Every structure is written in structure tokens, then in C-alpha cells.
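Visitor: Please arrange chain B with the ligands on chain A, whose structure you already have, making use of the hints.
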Amino acid sequence: MGIIFEFPDLYLFPSGLWVTIQLSVVSLIGSLVIGTVIALFRISPIPPLRWVGTGYVELFRNTPLLVQLFFLFFGAPLLGIRFSDEPLEFNFRAALLGLSLYHAAYVAEVVRGGLLAVDKGQIEAARSLGLSYLGMLRYVQLPQSFRAVVPPLANIFIALVKNTSLATTIGVVELLKAGELIESRTFRTVEAFGSVAVLYLLLTIPMGIGVNWLEKRLRVAR
Amino acid sequence: MIEFEDVHKHFGALHVLQGIDLRVAEREVVVIIGPSGSGKSTLIRTVNRMEPIDSGSLVVNGTQVNAKTVDVNRLRRDVGMVFQSFNLFPHLTAAENVMLAPRRVRGLSEKAARERAMELLTKVGIPEKADVHPARLSGGQQQRIAIARALAMDPKIMLFDEPTSALDAEMIREVLDVMRDLAKEGMTMLVVTHEVGFAREASDRVVFMDAGRIIEDSPTAEFFAGAKEERARQFLGKVIKH
Ligand SMILES: Nc1ncnc2c1ncn2[C@@H]1O[C@H](COP(=O)(O)OP(=O)(O)O)[C@@H](O)[C@H]1O
Ligand SMILES: [Mg+2]
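Sequences listed follow chains A and B, in order.
Just so we're aligned, residue 363 is where the first sequence starts under our numbering, counting upward by one.
Just so we're aligned, residue -7 is where the second sequence starts under our numbering, counting upward by one.
No lab work stands behind these hints, which were simulated from the structure alone.
Treat the hints loosely; a few may be bogus.
Below are the DSSO-like pairs computed for lysine-lysine, each with C-alpha atoms no more than 27 Å apart in a straight line [to be verified]: (1) B:LYS148 x B:LYS115; (2) B:LYS103 x B:LYS115; (3) B:LYS103 x A:LYS482; (4) B:LYS176 x B:LYS148; (5) A:LYS482 x B:LYS176.
Among chain A residues calculated to face chain B with C-beta under 7 Å, some are [said to hold, decoys possible]: (6) PRO376; (7) SER377; (8) SER406; (9) THR416; (10) TYR418; (11) GLY483; (12) LEU491; (13) GLY492; (14) LEU493; (15) GLY497.
Note that this is a predicted model, so its numbers are computed, not measured.
Each residue gets a CB set at the ideal place from its N, CA and C atoms; glycine is no exception.
Chain A on its own, in the form it takes in the complex (with noise of 0.2 Å):
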């Protein structure tokens, strides 16, 4: 490892990794956002919604995240679509939709299961009291999915940050892609992969430990 540290380049990596996390986090948020929405759809009591749910799901699962993220980036400002008009930026922001977009496909599924696996007594119980549909969602469903789908959530979250790394073939100067830089310019090959590998470690084990507490905490908390 010695010599890397020689090399002025090094600030690449905290650069790459924090970029590596504002991907990870906005995309983590923006998936579990969209992810919800779409279960919610695919338990609608509305069939058009319920359609809508599972193209979604089907269309997005099914095809790989790399062809995605390359639909976003050359096939968006063909159809006129302008994330940015900063290139980097516009890179950014492709990286971040497609990962969103992806994910939240699977976070869908999950949530699915967490409402359905809600005792369907609870939901007659609420109903009974007056409370709308979204009600009921709202303060009786959601709620006790949530222990349910915290460790399903968290498995797809680690590969999200993962994924991240695929965002190197738009141009995004995450992580990855300033491992590549380093070890271009010092030839430095095991020591620069080496750290990335080492880098992406620090970012999911803490993820897993996490984990796990939050997992304990709420079985207590029944």
C-alpha cells in the first residue's frame, strides 16, 4: 500500500465514495418511495391500478439494470428528456432514476408481502371503525408490515449499494470509476481494486449490523 499514498490523485476516493453514497442514499429513498406506491397498487382494489402494478414490476425485474441505466442515458435526450444540462450531472441523474427505478421494483414485492401477510381481521377491524381504505392503510397495514419487511428491505438495499457501481459505464466518478482513474495513472492495479473492495465493505457490513439491531429492538417492541 505504501506508495499509493504518494500520488496526488489519491483524493479520488473519498470524492468516489462519497458520490457512492449520495447514490446510494437518494436512490434507496426514491425506491422505497416508488416501491411502496407500486405495492400499493398491486394490492388495489382498483384492477387498472393493480395492472399498472405488476407491468411495472414485470417490465423492471425483468430486464438487466445496465440495459436500464443505458436506456436512461442515450435514450432519454433522444425522446427530449433533459436531466441536466451539466454532463456529469446529467450522468448523475440518469444513474440515480435507473437505480430508483430498478429497485424499486423488488422493494414492490416485498412490501406486497408485508401488507398481504397482514391478518385480514385487522383490516375488518379497522374498516369496521369507519376508517377509509387509505386509512386503514395508513395507520393499520403499513404499520405492521413493517417488521416484516425490514430484513427482506435491507438484503435489497445492500445489493443497491452494489449496484451503484454500475453507474461507471454512464460516467458517474463514483467509487468504482475513481479506482479505475487511480490505477490507470500508477498502475498500482491489486493496491487501487483492493481499496474500492475495501471501501464498498465499510459502506454494507455496517448495513448488515444495522440490521440486525433494528431487527431485535422491534421484536421487543411487540
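Guide: Structure of chain B with the ligands alone, referenced to chain A:
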């Protein structure tokens, strides 16, 4: 208060309610008995439109329950429902269970809802369990809280679907006591139960159902003195024996 006229309902090919005629007046307590699968639950679930009907007329509190224009959430505020399996919300404490509808449906403040919840928990005899989650309560306590929860919207009618069937003998009494008090206060009640003692003391009429039909509908005293219908007598014999 509740008027069924020639009400029919199917579940697919199954004809569950086959021409129900039934009237429950204000302040009246009517007990429904009958063999399992005869349609008792379905019948009381039509009252708050948990089950829609196929034909006939059902008027509750002056409104045609199945009219397209009816605001079903509005209707349900006036009809409390208590289930065999309690169905308390496990993620909320006893008090929060009782407070949920007043807060989220009626828009009461947290403080006002809490006060009302404490009153109701006192009424059902367990104010000290206000901040406990349902999983830590006995079945009898849970069912009493479920009754308090149903009462929190100040309903005009209370529906009970075998409220003590899931309880051990010693807990049945504490739940029936609460129901008896309610009956004394003049609550309009429609109760599916096989608790003959409760029916005898607290009800005005007993309705016997079999295979989707009301076979007998008699004042309580007459019913127990000798049901007119052979099937009702046989069933009563079985229920009382065990
Ligand atoms: N949601 C449903 N879908 C289909 N069949 C049902 C449904 N609910 C009840 N049934 C059937 O309707 C009949 C009457 O049920 P129910 O009203 O629960 O009877 P009871 O309460 O007298 O035991 C039973 O044969 C039952 O299997
Ligand atoms: Mg039943």
C-alpha cells in the same frame, strides 16, 4: 333501527342468506343462534356492509345500507363490531387501540381521545392496562378492550359475532358482564352467541337460524319455555348440555 326485508346473499353458488326478514328496534337486544355455517356471521356482517347483499332491502338507522350513494364509512361510525378473534391492533397499546378511530376518523385531539379512552377502559374494568400492548393481555382483557374500541365512536348499534367463543370459561364471564351492562344501558345489540345464560338474562328476542333462513324468531322467555320449531329445540338441547 335495523330492518331486513327478503334479503338474499350468495357466495358464488352458495346461497348463504335465503330471504331474511328481521327487525331490531331501538334499545332491543336480539340474540342469534344456530348451527355452524348457517349464515349467522354473514347476516350480522351485512348490517355494516362488511358483506354486501344481493337483493332485498336492508335499512339501518334510516339508511338503505346497499344504496350506491351511501357513505359506508359514515354508516360504520354508528355501528360498532366485536369479533370472535378480538382483532386488536398489535402494534398499538390498549388505549391507542381505543383512540385510533376517534382521532383518525373523527379528528379528536390526542388529549380528548385519551380521556375518552380512559373512560371506556374504566367502563370495561381495565383502566390499568391502558399502556399495555395486546400481546401481554389475556383473551378476556383483549375482548373487553375490543368492546371499548367499538364503543369509542359512540355507535347506536353494536354487533357481536361469537365474542366469547375463543375464550376460556373463567374469561367468558368478564366479557358477558360488560355486554350485560351495555344491554341494561339500552344499547341496541345484535349478538351471535351460544351463551344461553346471556341470552336468557339479557336479550329481548332469540332468533334461530339454519341453512340461511330464520327458522324461529321469538321473545326470549317464550323461546326458552319451549321453542316452536323442532330444529330449534334440538339445537338448544345440544347447546345447553355441554
Ligand atoms: N367470504 C366467504 N366466501 C365464501 N364462502 C363464505 C364466505 N364467508 C362465509 N362463507 C360460507 O358461508 C356459509 C355461512 O357462513 P357464516 O355466515 O360464517 O356461518 P356461521 O357464522 O353461522 O357459522 C358457510 O358455508 C361459509 O363457509
Ligand atoms: Mg360465524
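Visitor: Classify the hint on SER377 of chain A as holds or violated, based on whether any CB of chain B lies nearer than 7 Å to its CB.
Guide: Where the cut-off is 7 Å and the nearest Cβ of chain B is about 43 Å from SER377 of chain A, the hint is violated.
Visitor: Checking hints one by one. Is THR416 of chain A an interface residue toward chain B, by the C-beta closer than 7 Å rule?
Guide: violated (25 Å)
Visitor: Keeping to a limit of 27 Å between CA atoms, is the pair of LYS103 of chain B and LYS482 of chain A held or broken?
Guide: violated (30 Å)
Visitor: Taking the least C-beta to C-beta distance, is PRO376 of chain A closer than 7 Å to chain B?
Guide: Violated - the Cβ of PRO376 of chain A stays beyond 7 Å from chain B, reaching only about 41 Å at its closest.
Visitor: Double-check SER406 of chain A for me: the hint is only fine if its C-beta lies closer than 7 Å to a C-beta in chain B.
Guide: With a minimum Cβ separation of about 17 Å from chain B (threshold 7 Å), the hint on SER406 of chain A is violated.
Visitor: Measuring from the C-beta of LEU493 of chain A to each C-beta in chain B, is the shortest one below 7 Å?
Guide: Because about 6 Å separates LEU493 of chain A from the closest Cβ in chain B, which is inside the 7 Å limit, the hint holds.
Visitor: Holds or violated: LYS176 of chain B with LYS148 of chain B, Cα cutoff 27 Å?
Guide: At roughly 14 Å apart (the allowed maximum being 27 Å), LYS148 of chain B and LYS176 of chain B satisfy the hint.
Visitor: Classify the hint on LEU491 of chain A as holds or violated, based on whether any CB of chain B lies nearer than 7 Å to its CB.
Guide: Because about 4 Å separates LEU491 of chain A from the closest Cβ in chain B, which is inside the 7 Å limit, the hint holds.
Visitor: With a cut-off of 7 Å on the beta carbons, see whether GLY492 of chain A makes it to chain B.
Guide: Holds, about 4 Å.
Visitor: For a C-alpha distance cap of 27 Å, please report whether LYS103 of chain B and LYS115 of chain B respect it.
Guide: holds (18 Å)
Visitor: Quickly compare the C-alpha distance for LYS482 of chain A and LYS176 of chain B to 27 Å and report which way the hint goes.
Guide: violated (32 Å)
Visitor: Against chain B, is GLY483 of chain A within 7 Å by beta-carbon distance?
Guide: holds (4 Å)
In terms of the numbered hints stated before, the structure departs from hints 3, 5, 6, 7, 8, 9 and 10, listed from lowest to highest.
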